[in-house]
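> Fit chain B to the supplied structure of chain A, relying on the hints for placement.
For the record, the sequence lines run as chains A and B. Mind the numbering: the first sequence is residues 1 to 432 in the numbering used here, read in order. Mind the numbering: the second sequence is residues 1 to 114 in the numbering used here, read in order.
You may find that some hints are simply not true.
[Stated by the list, open to error] Straight-line distance between alpha carbons at most 27 Å, and here's what the computed BS3-like set of lysine-lysine pairs gives: (1) A/LYS46 - A/LYS128; (2) A/LYS88 - B/LYS32; (3) A/LYS285 - B/LYS97; (4) B/LYS114 - B/LYS76; (5) A/LYS118 - A/LYS128; (6) B/LYS43 - B/LYS76; (7) B/LYS43 - B/LYS11; (8) A/LYS82 - A/LYS46; (9) B/LYS114 - B/LYS87; (10) A/LYS285 - B/LYS72; (11) A/LYS46 - A/LYS138; (12) B/LYS87 - B/LYS113; (13) B/LYS32 - A/LYS189; (14) B/LYS97 - B/LYS32; (15) A/LYS377 - B/LYS87.
[To be verified] Covered stretches of chain A (in silico footprint by chain B; criterion: 3 or more residues with CB under 8 Å from a CB of chain B, positions within the stretch not fixed): (16) 252 to 264; (17) 294 to 300; (18) 340 to 351.
Note that these hints are calculated values from the structure, not bench results. Glycine residues also receive a C-beta, built at the ideal position from the N, C-alpha and C atoms.
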Amino acid sequence: MQLEQLQEELQQLRARVDNLSSLIEVSIIINSTLDLDEVINLVMEKAQSVMRAEASSVMLINEETGMLECEVALGEVGSQVKEKIELKIGEGIAGWVAKTGEPLIVPDAPSDPRFARKVDEETGFQTKSILAVPLVVKDRIIGVAEVINRVDGRPFSEDDLHLFSTFGRQVALAIENARMHRYMLERQKLEQQLEAARIIQESFMPQTFPTSSKNQFQVFAKTQPAASIGGDFYDFIEYDSNKLGLVMGDVSGKGIPAALYMARLVSDFRFYTQIEQSVSDTLDKINRLLVERGRRGMFVTLQYILADLNSGMLEIASAGHLPAIHIRTKTGDCLPVDVEGGVPLGILPQFRYPTRRLQLMHGDYIVCLTDGIIEAKNRQGEQFSLSRLLNFLNRTWASPDDLVESLIAEVRHFSRGAEQHDDLTVLAFQWC
Amino acid sequence: MLDVSTRNIDKKGVVIAIAGDVDLYSSPEVRKVIIDLTNKKTKNILVDLSRVSYMDSSGVATLVEGLQQVGKYGGKLILFGLEASVKEVFELSRLDKVFEIYPDEKTALDHLKK
Numbered sequence: 001m002q003l004e005q006l007q008e009e010l011q012q013l014r015a016r017v018d019n020l021s022s023l024i025e026v027s028i029i030i031n032s033t034l035d036l037d038e039v040i041n042l043v044m045e046k047a048q049s050v051m052r053a054e055a056s057s058v059m060l061i062n063e064e065t066g067m068l069e070c071e072v073a074l075g076e077v078g079s080q081v082k083e084k085i086e087l088k089i090g091e092g093i094a095g096w097v098a099k100t101g102e103p104l105i106v107p108d109a110p111s112d113p114r115f116a117r118k119v120d121e122e123t124g125f126q127t128k129s130i131l132a133v134p135l136v137v138k139d140r141i142i143g144v145a146e147v148i149n150r151v152d153g154r155p156f157s158e159d160d161l162h163l164f165s166t167f168g169r170q171v172a173l174a175i176e177n178a179r180m181h182r183y184m185l186e187r188q189k190l191e192q193q194l195e196a197a198r199i200i201q202e203s204f205m206p207q208t209f210p211t212s213s214k215n216q217f218q219v220f221a222k223t224q225p226a227a228s229i230g231g232d233f234y235d236f237i238e239y240d241s242n243k244l245g246l247v248m249g250d251v252s253g254k255g256i257p258a259a260l261y262m263a264r265l266v267s268d269f270r271f272y273t274q275i276e277q278s279v280s281d282t283l284d285k286i287n288r289l290l291v292e293r294g295r296r297g298m299f300v301t302l303q304y305i306l307a308d309l310n311s312g313m314l315e316i317a318s319a320g321h322l323p324a325i326h327i328r329t330k331t332g333d334c335l336p337v338d339v340e341g342g343v344p345l346g347i348l349p350q351f352r353y354p355t356r357r358l359q360l361m362h363g364d365y366i367v368c369l370t371d372g373i374i375e376a377k378n379r380q381g382e383q384f385s386l387s388r389l390l391n392f393l394n395r396t397w398a399s400p401d402d403l404v405e406s407l408i409a410e411v412r413h414f415s416r417g418a419e420q421h422d423d424l425t426v427l428a429f430q431w432c
Numbered sequence: 001m002l003d004v005s006t007r008n009i010d011k012k013g014v015v016i017a018i019a020g021d022v023d024l025y026s027s028p029e030v031r032k033v034i035i036d037l038t039n040k041k042t043k044n045i046l047v048d049l050s051r052v053s054y055m056d057s058s059g060v061a062t063l064v065e066g067l068q069q070v071g072k073y074g075g076k077l078i079l080f081g082l083e084a085s086v087k088e089v090f091e092l093s094r095l096d097k098v099f100e101i102y103p104d105e106k107t108a109l110d111h112l113k114k
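One chain only, chain B, in its complex shape:
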């Protein structure tokens, strides 16, 4: 079972916390939350993946779509807390060059403040 929750960090930013496997079947739930935020032109979207141990290419495509959407209005979509297995998926497919990825929420927020 997938659990997706959101939390405002300030007026401009939202953290999406995902828990569970993100695959073909569960990624539409993640997509709904991301698209909801990009429709509202949320400036900074931070995706907490610390409780995701498996992500397939459908899950990655959902994040790519989010990234493309925020790009249209100059927003940011940042990932943090990737577990080793998920990090490997990003590294093997060179998607670590596409996304901004940070070890934890604090580092991600520090980067945004810069």
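Same shape as in the complex, but just chain A:
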């Protein structure tokens, strides 16, 4: 009698050691791979064999649809289950566990009113008993793990429930780890894409600035890209020694689409200015081209200024872009250049872009910029604004470099501690 008792105790101890070894194996599996499908498969294979069950499954809640979807299903009809089965929260045993967050032993599934027969009907499988536990991450139910039909035909016990709950915690942890890893990878990928966008953007900007042998003008421009890379750009069109084109633009949106749109536009612009010298005709042509090519409502605001370097006369056209700023050195005032501007390029195909002329005096500056400058916010949420810009620009500048660098530094100082949402781009031209 004593011997029999000892043998039974020994058997129970062996079973416990086996269970503990399986749990150790499971934690090794979890640490061995970050592939979500692989890790859940391996853990459930282990769980199914330890629980001595015929089949097992893991269903996860799809956050978009709110449905329980089968992530892993093992057993003879596993593949069918994985393909076909989707449950509402509250539907079936798994749905009940997902809704209540309580583990559940179902000794005789067909007689339980909560049991969803559609799984058996669709697969031909005969569910007898079920043990289901919720998968919980940081107090949030993310899914349900189940083992089905003990191989020995007996219902699952409280001990089984206890052990399987431990498996459930491990599976939930593995899922959380793998999801976190996936998130980090996606973030990394996005950062790489943004880096690519920045390279595209930079490679299409002029690498050098036009210079004047007769000392007629000085020009300088700079763009300070935001973390998410906007679509700001500038360009110079050198016709001959008498004329210089200044282009400043801002493509809608951010990231790679904006960078590519900008890259193509800069090439097109350079091409059309070779065959078309009129400011308004150039914009009309580019506009029609962009409308034809239009995708997802993308558009560009743009300013195009053609400077006559002998007379200091400017011809200005604007397509929904911020007005240029005219700094009159002699009179010491600083004003936006009012242009009867047109709508952004790429929206209305028949639009005619008007131009206006502006006579510069020797020493005057013309400054073009994008909305990143006036919309830059400080920590209190205030914008840099047009009035602050005019106030800042209204002083004597040593050169266009001095003006552009100082303005960008001022805006960055203003918005220190707040996130920079948009590129900051400034171009300054001085008629000497």
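Same frame as chain A, now just chain B:
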């Protein structure tokens, strides 16, 4: 967080009410709703922007796309209830010449009846 809801006004028209900031990250949600309606060739789409305090150029591009789509089948996309900050974005970029913009829903509907 952005909230986009739709409400039928009659057989031909739907109001899309947007609440929150419309930017690079949230504009795809607005786009989905607009494109869904333009695919069904909804005649009149009214966009309620009274609860939008910030819209960047990605958001504006989404509305431009909607406008271009309705144009293909002779529909209308009308904006109303723009807050001062959003109105300024439209005015500065002359997009107020592109869109029909009304102060409130009633004025927008009155205009449609004409």
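> Against each hint, give a clear statement of whether it holds in the structure.
Hints, one by one, checked against the model:
| no. | hint | verdict |
| --- | --- | --- |
| 1 | A/LYS46 - A/LYS128 | holds, 21 Å |
| 2 | A/LYS88 - B/LYS32 | holds, 25 Å |
| 3 | A/LYS285 - B/LYS97 | holds, 20 Å |
| 4 | B/LYS114 - B/LYS76 | holds, 13 Å |
| 5 | A/LYS118 - A/LYS128 | holds, 14 Å |
| 6 | B/LYS43 - B/LYS76 | holds, 6 Å |
| 7 | B/LYS43 - B/LYS11 | holds, 9 Å |
| 8 | A/LYS82 - A/LYS46 | holds, 18 Å |
| 9 | B/LYS114 - B/LYS87 | holds, 24 Å |
| 10 | A/LYS285 - B/LYS72 | holds, 22 Å |
| 11 | A/LYS46 - A/LYS138 | holds, 24 Å |
| 12 | B/LYS87 - B/LYS113 | holds, 24 Å |
| 13 | B/LYS32 - A/LYS189 | holds, 24 Å |
| 14 | B/LYS97 - B/LYS32 | holds, 25 Å |
| 15 | A/LYS377 - B/LYS87 | holds, 18 Å |
| 16 | 252 to 264 | holds (count 4) |
| 17 | 294 to 300 | holds (count 5) |
| 18 | 340 to 351 | holds (count 6) |
The structure agrees with every numbered hint stated previously.
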